[in-house]
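Peer 1: Taken in sequence, the protein lines are chains L and G. Note that the first sequence covers residues 1 to 117 in the numbering used here. Note that the second sequence covers residues 1001 to 1408 in the numbering used here.
Just so you know, the hints here were simulated from the structure itself, not pulled from any lab data. Heads up, some of the hints might be wrong.
[Stated by the list, open to error] Here are a few chain G residues that face chain L, going by a calculated C-beta distance under 7 Å:
1. 1318
2. 1321
3. 1324
4. 1325
5. 1328
6. 1333
7. 1336
8. 1352
9. 1355
[What the hints assert, rightly or not] Below are the DMTMM-like pairs computed for lysine to aspartate or glutamate, each with C-alpha atoms no more than 20 Å apart in a straight line:
10. G/1162 with G/1035
11. G/1342 with G/1354
12. G/1342 with G/1308
13. L/93 with G/1354
14. G/1355 with L/90
15. G/1292 with L/44
16. L/81 with G/1354
17. G/1292 with G/1327
18. L/93 with L/3
19. G/1151 with G/1034
20. G/1355 with L/87
21. L/81 with G/1327
22. G/1164 with G/1034
23. L/2 with G/1327
24. G/1068 with G/1028
25. G/1403 with G/1263
26. L/27 with G/1314
27. G/1355 with L/86
28. L/112 with L/86
29. G/1403 with G/1376
30. G/1164 with G/1035
31. G/1252 with G/1263
32. G/1355 with L/3
33. G/1151 with G/1197
34. G/1379 with G/1405
35. G/1355 with L/83
36. L/27 with G/1311
[As the list claims (entries may be wrong)] With beta-carbon atoms standing in for the labels, derived distance ranges:
37. L/22 with G/1148: 45 to 53 Å
38. G/1266 with L/25: 33 to 41 Å
39. L/1 with G/1042: 52 to 60 Å
40. G/1394 with L/111: 49 to 57 Å
No residue lacks a Cβ here, since even glycine has one placed at the ideal position from N, Cα and C.
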Amino acid sequence: MKEFMLIFRHEDGNKIASPEQMQVWMKQTMDWIGGIAAQNKFVEGNGLPFDEARVVGHNNVVTNGPFGDIKETIGGYIVVKAETIDEAVEFAKGAPVLQGAGNTVEVRKLAKGDGTH
Amino acid sequence: MEQQLIPHLFRSEFRKITSVLCKLLGLENIEAAEDIAGETFLLALETWPYKGVPENPVAWLYAVAKNKAKNHLQRGHIFATKVAGQLKSGTQVFEEAEVGFTEQNITDSQLQMLFALCHPSIAPEAQIGLALRILCGFGIDEIATALLKSKEAINKLLYRAKEKLRAGQFIIEVPQEAEMGKRLGNVLTTLYLLYSEGYYSESHDNVLREELCGEAMRLTYLLIGNGSTNLPPVNALLSLMCFQSSRFAARKGSGGEMVLYYEQDESLWDQELITKGVYFLHQASQGNALSKYHLEAGIAYWYTIKADTHEKWEAILQLFNQLLRLEYSPIAALNRTYALSKANGKQAAIIEAEKLNLAGNPFYFALLGELYTGIDNAKAMAHYRAAYSLAKTARDRQTIQNKIDALA
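Please build the complete structure, drawing on both the sequences and the hints.
Peer 2: Given below as structure tokens:
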């Protein structure tokens, strides 16, 4: 069984959702992840909040972003177990983040660290 | 009178005497400790009917056990110094050992034994067997009935576990704070299994099964009574046990058959235990560690509310979502999907259920039968039939047959 990271990219990170929308989105995400966990395919996952976020550049120049202004800000990730990339893609298709037009889920295999990839 | 008194005392005192003696003699002498405790009761059985029951029977038992332990130590000492030829005077001075049957020492010894028996090197089933024997004072017959095994199998299981204990040279103690988290995790797993063994056992002996649950609760409560082990996951586990046990009476039909949760008469639910469960869940909510016992206790709490509200099922669904992320189990996956059908509708749940990949599990097909009922009854029937053919126990077959009859 391989492991894949599903990386959530938001096109417009500045969009402020209403508390009601947030709650709906939270439930959808919890149910989606719960569904993957119910298949014993969930490994880990987390959200990446924008507060306390910095970008460290060349020559150690530290900036507060830009987040949100640029396209495709990373908002979170989960790691799933899957036999094939196609299975991992099927998981990704159910991600609530995809309800936002322009948002994407990037699916990447995790290197095993044993030299075989 | 002694006819009832001795079995009663055996149940309450055997384990105390064994634990205190084990602590004194060391785990390598666990059988000697059991033997002394056993001989003590034998002597009671032989003398009380003729000489009358002593004024303070418990004190009598402790005194006899104490003397027998001293004799045992003395014999060991004589063997070590004279027979084995270790006659280096001064190095092994025999001191009259303090055999303490104080309340504090009894509690401490039981607690320490609990940690010793739940050592990760001993297989889970053997831990349960040892706990039942040493800490709960169950006889081999009772353990065999409770665990649905032959007496020979239990004897073998205990023998091998004791060998492990002897070979491991574990020290009987409550672990230090640094080690506590890991060791306590093992103890809680054993207590959880011990409780489940009673709660879900196929054994027809209802009294014995409830006693098993009661013992698991008593041992968990022992941990709560001790400052260094009174931690949030322990309270969460006891809370879970209280909630589950509150339904004991309601689970039993007039003919001893199993009554499903949805068909239970909630007036039979033990409100006092539910109140206790809420109390311990509250105690468990200190600190920031969320254990699987917290989540399971939370689910069990919602099950104590019979009203079929959306709020209830949404809460249960989210708790199952969290529980599965923490630790997968087929039963949690199935229960989560049922909660999903209640919170998000049957159609959504069917899609999720089809992905579960639990073919071979009768409860999986029973769930599909439930979900398809009212949507596609032919499919529901086919799933119930599959569940029936996979069911392992008469009780499960009966439950599924009732569903088939209701559908036909």
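Peer 1: Which of the listed hints are broken here?
Peer 2: none
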